[in-house]
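Protein chains in written order, with the working numbering: chain A, 1 to 154; chain B, 1001 to 1293.
Please note that the accuracy of each hint is not assured.
[Claimed, not checked] Just a few of them, taken from the derived set where beta-carbon distance is under 7 angstroms, the chain A residues facing chain B:
id: 1; residue: I16
id: 2; residue: T20
id: 3; residue: G44
id: 4; residue: E56
id: 5; residue: A57
id: 6; residue: N59
id: 7; residue: I144
[Unchecked claim] Computed footprint of chain A on chain B, listed as stretches where at least three residues anywhere in the stretch have a Cβ under 8 angstroms from a Cβ of chain A:
id: 8; region: 1037-1049
id: 9; region: 1100-1112
id: 10; region: 1260-1268
[As the list claims (entries may be wrong)] 25 angstroms max Cα-Cα, derived PhoX-like pairs, lysine-lysine:
id: 11; chain 1: B; residue 1: K1165; chain 2: B; residue 2: K1045
id: 12; chain 1: A; residue 1: K71; chain 2: B; residue 2: K1060
id: 13; chain 1: B; residue 1: K1041; chain 2: A; residue 2: K17
id: 14; chain 1: B; residue 1: K1060; chain 2: A; residue 2: K6
id: 15; chain 1: B; residue 1: K1052; chain 2: A; residue 2: K22
id: 16; chain 1: B; residue 1: K1027; chain 2: A; residue 2: K6
id: 17; chain 1: A; residue 1: K127; chain 2: B; residue 2: K1090
id: 18; chain 1: A; residue 1: K117; chain 2: B; residue 2: K1090
id: 19; chain 1: A; residue 1: K6; chain 2: B; residue 2: K1063
id: 20; chain 1: B; residue 1: K1052; chain 2: A; residue 2: K71
id: 21; chain 1: B; residue 1: K1052; chain 2: A; residue 2: K6
id: 22; chain 1: B; residue 1: K1041; chain 2: A; residue 2: K22
id: 23; chain 1: B; residue 1: K1023; chain 2: A; residue 2: K22
id: 24; chain 1: B; residue 1: K1184; chain 2: B; residue 2: K1090
id: 25; chain 1: B; residue 1: K1176; chain 2: B; residue 2: K1091
id: 26; chain 1: A; residue 1: K22; chain 2: B; residue 2: K1027
id: 27; chain 1: B; residue 1: K1215; chain 2: B; residue 2: K1166
id: 28; chain 1: B; residue 1: K1052; chain 2: A; residue 2: K17
id: 29; chain 1: B; residue 1: K1060; chain 2: B; residue 2: K1023
id: 30; chain 1: A; residue 1: K117; chain 2: B; residue 2: K1091
id: 31; chain 1: B; residue 1: K1045; chain 2: A; residue 2: K22
id: 32; chain 1: B; residue 1: K1027; chain 2: A; residue 2: K71
id: 33; chain 1: B; residue 1: K1151; chain 2: B; residue 2: K1177
It is worth saying that the hints were derived from the structure and are not from the lab.
We put the beta carbon where it would ideally sit given N, CA and C, even for glycine.
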Amino acid sequence: MLIHIKFNVNGKHYDIKTDTNKRLLDVLRDDLRLTGTKEGCSVGECGACTVIINGEAVNSCMVLAGQINGKNIITVEGLEENGELSLLQKNFLKHGAVQCGFCTPGMLMSIKALMDKNPNPTDDEIKDAIAGNLCRCTGYKQIIDATRETIKSS
Amino acid sequence: MREFDFFQFNRLGETLEFVRKQKHTLKILAGGTDLVIELRKNSPKLGEFMDKVVDITNLKELKGIDDEGDYIDIGACCTHSEIAQNEIIKKYFPALSQACSSVGCLQTRNVGTIGGNVVNASPSADTIPALTAYDAELLLVKDHGEERTVKITDFVKGPYKTVIKKDEILASIIIKKTAFSNQKSVFDKLGRRNALSITRISVCGVCDIENNSIKNIRIVPGAVLSKFRRITKAEEFLNGKEPEKEILKKAAEIISQDVFDEVGQRWSTPYKQPVLEKMAYGALCKMFGVNLK
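Could you build all of it, start to finish, from the sequences and the hints given here?
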């Protein structure tokens, strides 16, 4: 069954018809071809599909297409600044916070949501913000280091 | 994924009218962190004829936390994040604030709602022990302005079973302010890891302290009983006593014994009984700031 939805992704307005039983994750990846957002566990336990909806970090595998009507969404594709990686992304590379890379888009979005609200978070606040994002490679330290450096220089 | 039609209305009234007409074929979505997973699995729990989803998450009538003098009114579609951060809730119902901040992970708390958590009635729901400790009441509404209030302990009949009728929507949660002069509270949970995990065992405690004695204590465990309830045996034992280590240890034994007298021996009992006792002891120590060791 089809649904007509209007929403905004990374500053661009979309007006589409899609299946009612698609999740936001499917709308992003299949309808909009924004494949930066990854599907991990599909049940809200890994955070790989994290995007920002109206300022809040959300798992896009737990949101139906109809729920995003009228909402503003930011995905990992929206992080670049003037055609370059954002400072946070550059620091991820510098600190080795990207290894296999599958958790990276979700991790970046959780940290961006945190820093948009709280530009100077403590380590505990960083850990709480990414507690819902699993990374099996880095052991998290490099991710926290990259975040800390971004906080210092922004 | 289940096939369904998706509906959103601007007003609660329109929603209730639609729900009355379609009641046997629809599911209410309030946040959706459980429902979307069930839809994707095409779970038999949804029922064979379910082919409509009604999203009530954004209805203004179901949002907001209001201080009404004698009581606090929590809109059913407040998210766990909103409740955890709310100053009124922190002041009057700190155990509820702690329970909401320990639900899943931030991404789940930003979307999941207290109403969804209550009506889903999972035995491991984190908000229900706190609502039971504070004697919360639920306002259920239906079309033509009909409404009723039900106590939280009467609302949940068992795992995933409640008394809500198919044409009713949970509109708000009402909690009377208790006259605590020096409230102590705790919500502790055991999961397989900190974030995201489904609660295996939780302990919620609320009480007052007067002249260094425990008064008006309520203790509610989560995820271990088929119906949420207070452990009155342990409460009676603790009221009037000073919170000392040996007393708290004895109370923890009573809590664990009372729970397992009810549920009987199961394959998990050799693990859960001592764990519940230790957890209850730890939670009581935390509540009163007593050094555990």
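Tell me the hint numbers this structure goes against, listed in increasing order. Numbers 1, 7, 10 and 27, in rising order.
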